[in-house]
Amino acid sequence: MLRKDLSEVELFHGLSSKQLSAIKGAGSTKQLAAGATIFTEGDDATHVFCVLHGRVEVTITLGDHHDQAPVHVCTPGDVFGEFALFHQVDQRTATVRALKEVSIFCIENSCLKLEMESDHELGYRVMHNLSAILVRKISKTTRELRASLMW
Numbered sequence: 017m018l019r020k021d022l023s024e025v026e027l028f029h030g031l032s033s034k035q036l037s038a039i040k041g042a043g044s045t046k047q048l049a050a051g052a053t054i055f056t057e058g059d060d061a062t063h064v065f066c067v068l069h070g071r072v073e074v075t076i077t078l079g080d081h082h083d084q085a086p087v088h089v090c091t092p093g094d095v096f097g098e099f100a101l102f103h104q105v106d107q108r109t110a111t112v113r114a115l116k117e118v119s120i121f122c123i124e125n126s127c128l129k130l131e132m133e134s135d136h137e138l139g140y141r142v143m144h145n146l147s148a149i150l151v152r153k154i155s156k157t158t159r160e161l162r163a164s165l166m167w
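Taking our numbering, the leading residue of the sequence shown gets 17, the next gets one more, and so forth.
There could be a bad hint or two in this list.
[Said to hold, decoys possible] No more than 20 angstroms apart at the CA atoms, straight line, and that leaves these computed lysine to any residue pairs for SDA-like:
| id | residue 1 | residue 2 |
| --- | --- | --- |
| 1 | 46 | 122 |
| 2 | 40 | 130 |
| 3 | 46 | 21 |
| 4 | 40 | 127 |
| 5 | 156 | 88 |
[To be verified] Between beta-carbon pairs, the in silico distance windows are:
| id | residue 1 | residue 2 | range |
| --- | --- | --- | --- |
| 6 | 32 | 162 | 38 to 46 angstroms |
| 7 | 92 | 129 | 20 to 28 angstroms |
| 8 | 83 | 136 | 41 to 49 angstroms |
| 9 | 162 | 136 | 36 to 44 angstroms |
If you are wondering where the hints come from, they were derived from the structure by calculation, not from laboratory data. Cβ atoms here follow ideal geometry from the backbone N, Cα and C, with glycine treated the same way.
Please model the complete structure; the sequences and the hints are all you need to start from.
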């Protein structure tokens, strides 16, 4: 069942059954209760996560008072913590918590990178998907910034 779930994760779209099995074998699935913190802003960025079931909220810290501002809600098929795949990013830039009971797939950056290096087609597809995800997120942020500046 996990392989089918992974095929619905945008980061892994277009991968073959064999490639999805390799990804599955390199990671693990976790079940978390509502309110559980998956990672906190400033934590070491060692894993990439995918929502299989449930929803998680991404928040950032504002100012010196440590107020948390929600910036995104991830639903099944979404990836988060993807900045960890870039070698210059070693700390989390946001906090992520389960909004309700959630099932997530976690894969250590080094394991995913090893899979991408050993299967170049897999690596190309994952990076292609990652670029589409990041372009969409940057475009959304640009629209929101523009709207807030015009207010």
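Taking the hints in turn, this is what the structure says about them:
The suggested pairing of residue 46 with residue 122 holds, with an alpha-carbon distance near 8 angstroms, which does not exceed 20 angstroms. As the CA atoms of residue 40 and residue 130 are separated by approximately 13 angstroms, the hinted pair is consistent with the 20 angstroms bound. For a cut-off of 20 angstroms, the pair hint linking residue 46 to residue 21 stands: about 13 angstroms separates their Cα positions. The straight-line distance between the Cα atoms of residue 40 and residue 127 is roughly 11 angstroms, inside the 20 angstroms bound, and the hint therefore holds.
About 10 angstroms separates the Cα atoms of residue 156 and residue 88, which keeps this hinted pair within 20 angstroms; it holds. In this structure the supplied range 38 to 46 angstroms holds for residue 32 paired with residue 162, their Cβ-Cβ distance being about 40 angstroms. A beta carbon spacing of about 25 angstroms between residue 92 and residue 129 agrees with the range 20 to 28 angstroms that was offered as a hint. A hinted range of 41 to 49 angstroms for the beta carbons of residue 83 and residue 136 is consistent with their spacing of about 44 angstroms.
Range check, residue 162 to residue 136: Cβ separation about 38 angstroms, and the 36 to 44 angstroms hint holds.
Of the numbered hints listed earlier, not one is contradicted by the structure.
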